[in-house]
Amino acid sequence: MTDELTPDEEALRDEARATADEPPKPVDGTADLPDEVKDGDLSDEEDDE
Amino acid sequence: MTVPSRARWQPQGPASRCVIQGHALGWLNCTPTSFAMGIDKSTLGAKRLTGCDVRESTGDVAGGTTLLQCEPFAEKAGVKVDVYVGSKVVPPYWLAVQMQAGRGCVLQGNTSALISTPFRSTGSGVNHAAWVNDVRGGKLGEPAEALVYDPAADGHQASWGKAAQGPAWWPWSRVIRFAHALHPWGDDDPRTLSSMGIDGVYVAVFPDTEPHVHLRYGASRTSPFPDRLRVNVPAVYTHSTPAYGTANRIEPRLHRDDLFVAFQRVTKPDAVWFGSHDGTRWIPKSKVRNIGGTQ
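As given, the protein sequences belong to chains Z and L, one line each in that order.
Going by my numbering, the first sequence opens with residue 1, and the numbers climb by one from there.
Going by my numbering, the second sequence opens with residue 1, and the numbers climb by one from there.
No wet-lab data here; the hints were simulated from the structure.
Among the hints, erroneous ones may be present.
The list that follows gives simulated cross-link-like pairs (lysine-lysine, DSS-like), each with its CA atoms no further than 30 angstroms apart [stated by the list, open to error]:
(1) L/Lys80 <-> Z/Lys25
(2) L/Lys162 <-> L/Lys139
(3) Z/Lys25 <-> L/Lys76
Rough simulated footprint, nothing fancy, chain Z against chain L, three-plus residues with beta-carbon under 8 angstroms [as the list claims (entries may be wrong)]:
(4) 185-191
(5) 228-239
(6) 263-273
C-beta: ideal position from N, C-alpha, C; glycine also.
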C-alpha cells in the first residue's frame, strides 16, 4: 500500500515539520493518572473462531 | 514526491501466535504487536520483528503490557520512541502535528469507540492499542484520516459479525474517540479519559523517518531520492556549504567507499555538489561515484 503525497499534502508536511519540535502543552486534570495502563484481554475473540 | 513508508500489518491472534513460558499470549499482545509494526515502519522495513519478539523482551507473561514496557525494545532496535503517559499525556492537536510531520505512533484506547463502526475488531469494549502509520488530508493539527493498523483486525468471523481486516483509513475524529475511551485504571474501572474530561491521549510517538529534504543554496532534490553515493578518492572533506575553502571543511574526512546519502544537488561555478537532507553537509560530485537507488 503506497500513496504519493499530493502537492498540498507536501506543503502540509513542511508546515508540520516547521512546528513539530515544539513540546506538547500540559493537559489539565492529569495529575493522578497512572503511567502504566495495560492493554486488555481479547481472548473472547478466540472462542468465536 | 514523498511516499510515506508503511509497515507490514501483523495480527496479534490467535492466542497460539505467541507462547512464552507456556502462556498463550496472542490475544494479550496488542501493544507489543503494534510496537513491532512501528519498528518496521521506522526502519523502512529493515527490522521486521514480531509482536512476540517484543513481548518476550518485557519478561512479563501476566495479562497485557504497557507502552513503557515495550519502549526499551524499540530503543535497542535503534528506534527512539517518545512515550507520553499519566500526567504527561498529550493533546490531540500536538499528536496530529507529529503525525503530519511524518511520524507514526502506538496509540492506546478502548474498542468501545469502534463497536458501531466498520473498524470493529472485538465483541465488546476493551483497552487496546494500535499502530497509526500516517495521516492524510485535513488541516494542520486536524488531519482528515489516519491509516490505522489494528492488530486485532484480522477478519475473523465472530458471533457479533466479521472483524475488520488489516490496515484501514479511520476518520481522525474516530482515532481520538478511541484514545479518549481508554480506561486508565483498567477495564474493570468505569472511568475513561473522556468521562473525566481529559483531552489527552496515551501514546508512544515514533521518529520521522521519511526521506525528506530541507532544500538550501538553490538546490533541487536528487533523483532517485535519496541517492546513495560512495567516495571514489582516497580521502575527501565534506563542506558545510556547497563551496570549496578551508573555512567550511567538516572533520573528519570521508575515505574511499564511505557512504554519502544525497538528498539534494546544486550546480555552482566550481562544481556540482551533493547535499545532506538538511543541507548542512556537501560533497563535490567529482569525489563520489553513484551506486544508485534509495536502499
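- Among the hints numbered above, which are violated by the structure, and what are their numbers in rising order? 2, 5 and 6
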